[in-house]
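A.B. asks: Fit chain B to the known structure of chain A by using the hints.
Going down the list, the protein sequences come from chains A and B.
Position 81, counted from 1, in the first sequence is what this note's numbering calls 81; the numbers after and before it change by one each time, with no gaps.
Throughout, this note's numbering is defined as the position within the second sequence, counted from one, plus 1000.
Think of the hints as simulated: they come from the structure by calculation, not from any bench.
Since we're looking at a predicted model, the values are computed, not measured.
One or more hints might be untrue.
Unchecked claim - Distance ranges between label pairs, derived from CB positions: (1) A/K262 x B/N1005: 21 to 27 Å; (2) A/D131 x B/D1093: 35 to 41 Å; (3) B/Q1073 x A/E253: 36 to 42 Å; (4) B/T1097 x A/K242: 30 to 36 Å.
As the list claims (entries may be wrong) - Cβ-to-Cβ under 8 Å is the rule here; a few derived chain A residues that face chain B: (5) V193; (6) F196; (7) A283.
C-beta: ideal position from N, C-alpha, C; glycine also.
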Amino acid sequence: MMHILKLYQIITHKIYCTLCKPLNTSYALLRNMEIISKVSKGTNMDQIYIPKNRYGFNIGDFVVIKPITNQEKITLFYNNVKQLEPVKVHIIESVFELIQKKIPSENIIITGSFLEKGYSFKDLDIIIISDKKIDLNKEIEKYTGIKTQIITMNNLDFIKGLETDPLYENMLSKCVSLKRIIYNIKRKIDYKVLDFHLLKSELLIINYKTLKGDEKYYLIRNLIAIHLFIKNKKISKDSIEKEIKKVFDIGVEEIFLDNLNKDFLNKYKKLYKTTFKEVMEYAKQE
Amino acid sequence: MQNRNKLVDLFIGNITNYIVHKILEMAIDNLEIINKYKKESKVSFEIAKIYRDKINPSTKLPDSIDVKKRIIQRVKIKLNERIKEGYKRINLDLVETITSETLEKLRV
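Bound-form chain A, shown alone (with noise of 0.2 Å):
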């Protein structure tokens, strides 16, 4: 009892005792106690003040000295993502904490090739929801020795984004975000993002002959998200590679050797020129 009452004499001293233990005995309440204190400044040295009324903390004792972060632990969201190796969710629990203390944010999310199973991501993907920009991506790049794309937008845009844009379906089907990601989002059509997205996809049929097996996965993977965009169909990694199969019967594999068949660029062509003419349909209603 008697402990009880100095441990409260001590925080009338304005510093506060945390107890790791419950206060039943008076053993726990003595090997389990904290300071907290502030830093002063002083003419040689700054220094740390405690109070001469205290349990433990002797005279020549040596402790542990280390910064209070106010922070909560971070809990992550994933969507879709089955398993994340325990390094990548340390590193984005990290990046979190750094945009938080940067950045006032809705929403931190987390795609790409980054959450792809071992270590051959390109880079990290960072869609920050807030309404300030500040440009983090060598900050970020910096800390964690990834090379980093960020975009930050509002809200707004983010939704105008998801509703308008195949690219941004397929982003988030695979996720990592800072808070549950919940939108229910109607598409729209609209064709001039759709066809300017599409553009990028006739870079397989100019450069067919010198592109690598991964720059041609990319060009055909956007091709195949408008073309599923335009049928209102599910984009996702999956669905996306489904589709691939279906239309060029090619796996994803293949395309990354650059193994392509005879038929695969009149295919490709064919699609491009189809899906180019549907977007166009929209032009002409509107």
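C.D. replies: What follows is chain B alone, placed relative to chain A:
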């Protein structure tokens, strides 16, 4: 010589794609969305740059007038194809200026 012609063709194909992208960018009402993908539309410019570096001479090309003419022609075909379908706000007047500026950057 044939090799040079092939490289010039590839250069023209990629730079045409880039210029069409640039003009369509200006026709889009929702620039917020387009800004997110501006970097990606530069892919064709970067590829064109690689081909340009392989074409001799590295200083201004002797056939630069012909190259420019072919690019403008192709860009206009692609844009007219869209205008015919009902695509709005495409400014064909920008084609020559943007082509000249782009080619200047690439020493053509």
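A.B. asks: Now look at each hint and say whether the structure bears it out.
C.D. replies: These are the hints, each one checked on the structure:
1. Checked against the given bound of 21 to 27 Å, the beta carbons of A/K262 and B/N1005, roughly 25 Å apart, stay inside it.
2. Checked against the hint of 35 to 41 Å, the C-beta distance between A/D131 and B/D1093 comes to roughly 36 Å, which is consistent with it.
3. With their beta carbons about 40 Å apart, B/Q1073 and A/E253 fall inside the hinted range of 36 to 42 Å.
4. A C-beta distance of roughly 45 Å is found between B/T1097 and A/K242, which places it outside the suggested range of 30 to 36 Å.
5. Below 8 Å, beta-carbon pairs count as interface contacts, and A/V193 has one with chain B at about 6 Å; its hint therefore holds.
6. Of the supplied interface hints, the one on A/F196 holds, with its beta-carbon coming within about 5 Å of a beta-carbon of chain B, less than 8 Å.
7. With a least beta-carbon distance of about 4 Å to chain B, the hint placing A/A283 at the interface is held under the 8 Å criterion.
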